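Engineer: Turn these sequences into a full structure, and let the hints steer you where they fit.
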Amino acid sequence: GDSVTQMEGPVTLSEEAFLTINCTYTATGYPSLFWYVQYPGEGLQLLLKATKADDKGSNKGFEATYRKETTSFHLEKGSVQVSDSAVYFCALSRAGSYQLTFGKGTKLSVIP
Amino acid sequence: GAVVSQHPSRVICKSGTSVKIECRSLDFQATTMFWYRQFPKQSLMLMATSNEGSKATYEQGVEKDKFLINHASLTLSTLTVTSAHPEDSSFYICSARASVSTGGAWQPQHFGDGTRLSIL
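Residue numbers (the working numbering), protein chains in the order written: chain P, 1 to 112; chain X, 1 to 120.
The reader is advised that the hints may include incorrect statements.
Derived DSS-like pairs: lysine-lysine, alpha-carbon spacing no greater than 27 angstroms straight-line [to be verified]:
{"hint": "1", "chain 1": "P", "residue 1": "104", "chain 2": "X", "residue 2": "64"}
{"hint": "2", "chain 1": "X", "residue 1": "41", "chain 2": "P", "residue 2": "77"}
{"hint": "3", "chain 1": "P", "residue 1": "60", "chain 2": "X", "residue 2": "41"}
{"hint": "4", "chain 1": "P", "residue 1": "60", "chain 2": "P", "residue 2": "49"}
{"hint": "5", "chain 1": "P", "residue 1": "49", "chain 2": "X", "residue 2": "64"}
{"hint": "6", "chain 1": "P", "residue 1": "104", "chain 2": "X", "residue 2": "41"}
{"hint": "7", "chain 1": "P", "residue 1": "107", "chain 2": "X", "residue 2": "41"}
Label-pair restraints from in silico Cβ distances [as the list claims (entries may be wrong)]:
{"hint": "8", "chain 1": "X", "residue 1": "41", "chain 2": "P", "residue 2": "54", "range": "31 to 41 angstroms"}
{"hint": "9", "chain 1": "X", "residue 1": "7", "chain 2": "P", "residue 2": "9", "range": "27 to 37 angstroms"}
{"hint": "10", "chain 1": "P", "residue 1": "94", "chain 2": "X", "residue 2": "73", "range": "20 to 30 angstroms"}
{"hint": "11", "chain 1": "P", "residue 1": "76", "chain 2": "X", "residue 2": "65", "range": "43 to 53 angstroms"}
{"hint": "12", "chain 1": "P", "residue 1": "53", "chain 2": "X", "residue 2": "70", "range": "37 to 47 angstroms"}
{"hint": "13", "chain 1": "X", "residue 1": "54", "chain 2": "P", "residue 2": "111", "range": "40 to 50 angstroms"}
{"hint": "14", "chain 1": "P", "residue 1": "18", "chain 2": "X", "residue 2": "86", "range": "17 to 27 angstroms"}
Hints are computed from structural coordinates only; laboratory data are not their basis. From a predicted model like this one, the values you see are computed outputs, not experimental measurements. Note that the Cβ used here is the ideal one computed from N, Cα and C, for glycine as well.
Structural biologist: Shown next as structure tokens:
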């Protein structure tokens, strides 16, 4: 079945540091890929998405590129802020389906 | 933006009690709602998909009689945990997807803030 594997946290970074959260997936066909963010005490919010190979999703300074050859969708940000502290979930959905398969989440803490 | 309200945010009750959790889409109509369960340091596990006006589709291993889902309107779905026991303690999250717009544009899932259920 479909699965998503993302790096285990927690990840602690200083403000303005570079962020990478690795995500790889296993799925048949060409799934759509997503990053969701969950701020403390809140629900999940869609951060960015990519629907086909080589697509780059971007939002709020975060980027992720859909790499079919390595089945990866790593999340990056050049300079993190304290306000980026949250749990980040990588997810996929099969073509034609709205169901999401999530990774376990990676908790990011950014310290001043 | 699209808002999904989930209520209650936290509930503590005795073993054997039935607990109802509501999920409402406040500013859009949701044909489909999803119910997830999240264990500590674990991923969100899809429990069931709820379609307005029809029976919910449960994932393998989820007890239909234990977790009753009702999607009576385009803005409300409820999850009832019947005769809850300590092993049902968890964080339950709902999401709602807007009805497909003209042209079939992709619609994301919008998530509620979750319900922390603790069974004593």
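Engineer: Could you tell me which of the numbered hints above are not met by this structure, giving the numbers in increasing order?
Structural biologist: Failing hints, ascending: 5 and 14.
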